[in-house]
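The listed protein sequences correspond, in order, to chains A and B. The first sequence begins at 1 in the numbering used here and counts up one residue at a time. The second sequence begins at 1 in the numbering used here and counts up one residue at a time.
Don't take every hint at face value.
What the hints assert, rightly or not - Straight-line Cα separation of at most 27 Å, DSSO-like style, residue types lysine-lysine; simulated pairs:
1) B/LYS112 <-> B/LYS133
2) B/LYS84 <-> B/LYS112
3) A/LYS20 <-> B/LYS27
4) B/LYS113 <-> A/LYS110
5) B/LYS84 <-> B/LYS56
6) B/LYS27 <-> B/LYS60
7) B/LYS60 <-> B/LYS24
8) B/LYS84 <-> B/LYS24
9) B/LYS112 <-> A/LYS20
Don't read these hints as lab results, they were simulated from the structure.
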Amino acid sequence: MTLQQLSNIVKGNILHDPVKSVDYRYAFASDLMSDVLRFHMDDAVLITGLSTIQTVRTAEMSNLPCIVVARGKQISNEMIALASENHIALVSSPLTVFEISGKLYMNGIKPVY
Amino acid sequence: MEVQYEIQGGDFSTAGQASSEIKKLLKQFNIDPQIVRRIAIALFEAEVNVVAHAYKGIMKADIEPESIRVIVEDEGPGIEDIEKAMEEGFSTASEAVRQMGFGAGMGLPNIKKNVDEMILTSVPGRGTCLKMKVLF
Chain A
1 MTLQQLSNIV KGNILHDPVK SVDYRYAFAS DLMSDVLRFH MDDAVLITGL STIQTVRTAE
61 MSNLPCIVVA RGKQISNEMI ALASENHIAL VSSPLTVFEI SGKLYMNGIK PVY
Chain B
1 MEVQYEIQGG DFSTAGQASS EIKKLLKQFN IDPQIVRRIA IALFEAEVNV VAHAYKGIMK
61 ADIEPESIRV IVEDEGPGIE DIEKAMEEGF STASEAVRQM GFGAGMGLPN IKKNVDEMIL
121 TSVPGRGTCL KMKVLF
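All chains, please: the whole structure from these sequences, using the hints.
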């Protein structure tokens with residue numbers, strides 16, 4: 001699925017679109033960055049309630065191309081700048097991690113682990 | 001090729017900058033992206049450990065044609081029991097570190113998983129030295 005399709009499904013707002021074509025097929029939901037760093041995350045979407053600069057750093061290190069921040073949490077300009085620097089898509093969604101996961105799963109996105 | 005970066009203890013806003021610089025450097029070479037990812041994750045875990053536990057540290061990387069060697073050395077409380085620290089789930093991290101999404105006691109085991117060689121030494125009350133090597 002495209003970034004636009006993904007964002008529509010989670011009622012999201014795209015805060016950074018790196019304009020690179022990624023076909024999103026997998027996702028991982030976690031607030032624990034240590035857990036994200038343990039698994040192969042290439043081309044997966046990170047669904048998280050943790051909205052810090054370290055969320056974006058973790059995505060950068062793990063080759064994660066997209067972060068969906070749940071519950072409409074505030075996303076800082078530093079996070080957007082770091083996502084932009086590393087070509088990571090950043091989406092803000094008003095839904096909970098549970099709802100985002102459920103909606104994406106119902107639309108064919110598979111778990112990473 | 002040698003590079004060196006300083007790491008500031010307690011400063012989570014800059015945690016990861018040194019690892020990021022080295023990852024960007026490695027991406028310029030013809031190295032398997034999965035190996036670059038393994039190196040980046042190990043460096044990031046090590047850098048977060050310095051930020052979470054130490055007062056300050058340095059990350060020195062030596063990039064050779066067939067491998068990278070990295071030393072992460074810090075001044076800090078050190079590790080009392082290295083064997084225990086290597087166990088999954090064991091952590092002495094503060095609540096503030098946990099709120100940043102770390103401190104679950106998975107960093108050191110994850111470093112070991114991602115590198116080809118790892119030597120961890122520590123002097124309690126003085127600091128910790130982590131040496132890592134990854135073959136390309």
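Evaluated hints:
1. Taking the CA atoms of B/LYS112 and B/LYS133, the gap is near 10 Å; set against the 27 Å cutoff, the hint holds.
2. Straight-line distance between C-alpha atoms of B/LYS84 and B/LYS112 comes to about 14 Å, which keeps the hinted pair within the 27 Å bound.
3. Between A/LYS20 and B/LYS27 the CA atoms are separated by roughly 18 Å; this keeps the pair inside 27 Å, and the hint holds.
4. As the CA atoms of B/LYS113 and A/LYS110 are separated by approximately 25 Å, the hinted pair is consistent with the 27 Å bound.
5. Restraint check for B/LYS84 and B/LYS56: satisfied, since their Cα atoms lie roughly 23 Å apart, inside the 27 Å limit.
6. Restraint check for B/LYS27 and B/LYS60: satisfied, since their Cα atoms lie roughly 18 Å apart, inside the 27 Å limit.
7. Restraint check for B/LYS60 and B/LYS24: the C-alpha separation of about 15 Å stays at or below 27 Å, so the hint holds.
8. A C-alpha spacing of about 33 Å is found between B/LYS84 and B/LYS24, which places the hinted pair above 27 Å, so the restraint is violated.
9. Taken as a hint, the B/LYS112 and A/LYS20 pair is broken in the structure, with Cα atoms around 33 Å apart against an allowance of 27 Å.
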